[in-house]
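K.L.:
One-letter residues, chain by chain:
Protein chains: 2
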Amino acid sequence: MEKVSIGAINCAYPLASFLVGTYDAEGKPNVMFAAWGGICCSTPACMNVSVRPQRHTHAAIEARKAFTISIPGIDIAAQADYTGLVSGAKADKFAETGLTPVRSNLVDAPYVAECPVVIELSLKDSISLGSHTMFIGVVEDVKANSDILGDNRIPDFVKMQAMIYAPGNIYQVPAKDGSVKAYSAGKKYLK
Amino acid sequence: MEKVSIGAINCAYPLASFLVGTYDAEGKPNVMFAAWGGICCSTPACMNVSVRPQRHTHAAIEARKAFTISIPGIDIAAQADYTGLVSGAKADKFAETGLTPVRSNLVDAPYVAECPVVIELSLKDSISLGSHTMFIGVVEDVKANSDILGDNRIPDFVKMQAMIYAPGNIYQVPAKDGSVKAYSAGKKYLK
Chain L
1 MEKVSIGAIN CAYPLASFLV GTYDAEGKPN VMFAAWGGIC CSTPACMNVS VRPQRHTHAA
61 IEARKAFTIS IPGIDIAAQA DYTGLVSGAK ADKFAETGLT PVRSNLVDAP YVAECPVVIE
121 LSLKDSISLG SHTMFIGVVE DVKANSDILG DNRIPDFVKM QAMIYAPGNI YQVPAKDGSV
181 KAYSAGKKYL K
Chain V
1 MEKVSIGAIN CAYPLASFLV GTYDAEGKPN VMFAAWGGIC CSTPACMNVS VRPQRHTHAA
61 IEARKAFTIS IPGIDIAAQA DYTGLVSGAK ADKFAETGLT PVRSNLVDAP YVAECPVVIE
121 LSLKDSISLG SHTMFIGVVE DVKANSDILG DNRIPDFVKM QAMIYAPGNI YQVPAKDGSV
181 KAYSAGKKYL K
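Quick mapping for you: the protein sequence lines, in order, are chains L and V.
For what it's worth, our numbering labels the leading residue of the first sequence as 1, then goes sequentially.
For what it's worth, our numbering labels the leading residue of the second sequence as 1, then goes sequentially.
The hints are simulated quantities; they were obtained by calculation from the structure and are not laboratory data.
Everything numeric in this text was worked out from a predicted model, so none of it was measured.
Treat the hints loosely; a few may be bogus.
[Stated by the list, open to error] In silico lysine to any residue, SDA-like type, Cα no more than 25 Å apart, as pairs:
#1 L:K124 - V:P44
#2 L:K188 - V:V138
#3 L:K65 - V:G130
#4 L:K65 - V:D125
#5 L:K28 - L:M1
#6 V:K90 - V:L149
#7 L:K28 - V:L190
#8 L:K28 - V:I127
#9 L:K181 - V:N10
#10 L:K124 - V:K187
#11 L:K65 - L:M1
#12 L:K191 - V:K187
#13 V:K187 - V:N145
#14 L:K28 - L:D125
#15 L:K124 - V:L190
#16 L:K90 - L:D108
#17 L:K65 - L:E2
#18 V:K187 - V:D156
#19 V:K181 - V:E140
#20 L:K3 - L:D24
#21 V:K191 - L:E96
#22 L:K191 - V:Q54
#23 V:K65 - V:S5
[What the hints assert, rightly or not] Selected chain V positions facing chain L (in silico; Cβ < 7 Å):
#24 G38
#25 S42
#26 P53
#27 D81
#28 A95
#29 S128
#30 N145
#31 I148
#32 G168
#33 Y171
#34 G186
In this text, a Cβ means the ideal position worked out from N, Cα and C, and glycines have one as well.
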């Protein structure tokens, strides 16, 4: 099929649904929805998230040299969406949504109790890219609800029911196992 | 629910499924599966992808200052998986899978014809993080199959049937629209 040019836009799906948790200069917990981020290194385990300098979260990460990434389940999709709509400079987003901030015991940032998986990160690097700053953090620990762990003690994607973000919509993870096994399905092409 | 520590591991889902396309020093097209990448800036539109220095793709990006990201549909999940199992230094992955390299008219890299969405990037920055180098590219253009465009001329996530990657499994996008609307569902918490 012939491909058509749609311009130099950002267009890659699926995207993550991250709730970035911080304390601001006054110690108020804040949380912001971010879809632009992911894993970026194995050793050390690192994750990246991009934040506009105008966001309350931006100054908080720079001040505290720490942040958390809480991964929301589909059950709190509306609350998660809200945290991307308003600024923590004006609203107490935890109070408005009823979500619960929990102080990390490892980094100077709060995570979201209602999220099945939370990741605690210390700031490693900040890269100014234009409209956004990319913050790179070293993973200090991951904490997970015990009921979503798989047999291997790793969070189970289906049990987590993480949000899947794509333009304008939030999708639910399919309720059954993926039918294609990674690091396996491709072996038929091996010589 | 009490959270349990599972250690400083990489654990964030869903992940992207990217096929990173490059020409090596000899001009041979190569393609590599990458789940560690995403969008990282609006203006300019930028994407990042992490690659180990040992990979054939790593030297190719550094030599050509360019790469592509092709987003595979679930129909080529096995071929995509294969491209992460072998090195382009040893195998001609396009020949082995039957996938078709197409020379970008904008950057010095090939994309995968069979992917519904392809993104052409010029190298902006390389950041050595430890086991992986993060390559940041500026999006020069996005090209898409016309039959997967939505009414807004943006690729439709459901029509694309992109792969959703999570530990050990590749999931299919749900066949129906997301039930939760982003930038909308959260408005009920606005004051």
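K.L.:
So, for every hint listed, does it hold in this structure?
P.N.:
To see whether the hints hold, each was checked on the structure:
Proximity of K124 (chain L) to P44 (chain V) is assessed by CA-CA distance (about 23 Å); at most 25 Å being required, the pair is judged to hold. Between the alpha carbons of K188 (chain L) and V138 (chain V) the distance comes to roughly 35 Å, so the proposed pair goes past 25 Å and is violated. A C-alpha spacing of about 20 Å is found between K65 (chain L) and G130 (chain V), which places the hinted pair at or below 25 Å, so the restraint holds. A C-alpha spacing of about 23 Å is found between K65 (chain L) and D125 (chain V), which places the hinted pair at or below 25 Å, so the restraint holds.
Between K28 (chain L) and M1 (chain L) the CA atoms are separated by roughly 53 Å; this puts the pair beyond 25 Å, and the hint is violated. About 37 Å separates the Cα atoms of K90 (chain V) and L149 (chain V), which puts this hinted pair outside 25 Å; it is violated. The hinted pair formed by K28 (chain L) and L190 (chain V) meets the criterion: a straight-line CA distance of about 19 Å does not exceed 25 Å. For the hint pairing K28 (chain L) with I127 (chain V), the CA-to-CA distance comes to about 32 Å; that exceeds 25 Å, so the pair is violated.
For the given pair, K181 (chain L) sits about 19 Å from N10 (chain V) by alpha-carbon distance, which is consistent with the 25 Å threshold. Distance check on the hinted pair: K124 (chain L) and K187 (chain V) sit about 34 Å apart at the alpha-carbon level, beyond 25 Å; violated. Restraint check: the Cα-Cα separation between K65 (chain L) and M1 (chain L) comes to about 48 Å, which exceeds 25 Å; the hinted pair is violated. Between K191 (chain L) and K187 (chain V) the alpha-carbon distance is near 54 Å, which puts this suggested pair outside the 25 Å criterion.
Distance restraint check for K187 (chain V) and N145 (chain V): the Cα-Cα separation of roughly 34 Å exceeds the 25 Å cut-off, and the hinted pair is therefore not satisfied. For the hint linking K28 (chain L) to D125 (chain L), the alpha-carbon distance of about 23 Å falls within 25 Å, and the restraint holds. For the suggested pair K124 (chain L) and L190 (chain V), the alpha carbons sit about 34 Å apart, so the restraint of at most 25 Å is broken. A hinted pair counts as satisfied when its Cα atoms are at most 25 Å apart, and K90 (chain L) with D108 (chain L) qualifies at roughly 21 Å.
A distance of roughly 47 Å separates the Cα atoms of K65 (chain L) and E2 (chain L); the hinted pair therefore is violated under the 25 Å criterion. In summary, the hint linking K187 (chain V) to D156 (chain V) is supported, as the alpha carbons are separated by about 24 Å, within the 25 Å threshold. With a C-alpha separation of about 29 Å, the suggested pair K181 (chain V) and E140 (chain V) falls outside the 25 Å cut-off, and the hint is violated. For a cut-off of 25 Å, the pair hint linking K3 (chain L) to D24 (chain L) is broken: about 46 Å separates their Cα positions.
A hinted pair counts as satisfied when its Cα atoms are at most 25 Å apart, and K191 (chain V) with E96 (chain L) qualifies at roughly 9 Å. Annotation: proposed proximity of K191 (chain L) to Q54 (chain V) holds, straight-line Cα distance about 21 Å (limit 25 Å). Annotation: proposed proximity of K65 (chain V) to S5 (chain V) is violated, straight-line Cα distance about 41 Å (limit 25 Å). With a cut of 7 Å, the hint placing G38 (chain V) at the interface with chain L holds, because the nearest CB-to-CB distance is about 4 Å.
At a threshold of 7 Å, the smallest CB-CB gap from S42 (chain V) to chain L is about 4 Å, leaving the interface hint in force. A least Cβ separation of about 12 Å between P53 (chain V) and chain L goes past the 7 Å threshold, and the interface hint is therefore violated. Interface restraint check for D81 (chain V): the shortest CB-CB distance to chain L comes to about 3 Å, inside 7 Å, so the restraint holds. For A95 (chain V), the interface hint is violated, since its Cβ never comes within 7 Å of a Cβ in chain L; the closest pair sits about 10 Å apart.
Look at S128 (chain V): its Cβ only gets to about 9 Å from chain L, farther than 7 Å, so that hint breaks. Hint on N145 (chain V) holds. Least Cβ distance to chain L is approximately 5 Å, under the 7 Å limit. With a cut of 7 Å, the hint placing I148 (chain V) at the interface with chain L is violated, because the nearest CB-to-CB distance is about 9 Å. Below 7 Å, beta-carbon pairs count as interface contacts, and G168 (chain V) has one with chain L at about 6 Å; its hint therefore holds.
With 7 Å as the threshold, the beta carbon of Y171 (chain V) comes within range of chain L, its nearest partner Cβ sitting at about 4 Å, so the hint holds. Nearest Cβ of chain L to the Cβ of G186 (chain V): about 3 Å, under the 7 Å cut. The hint holds.
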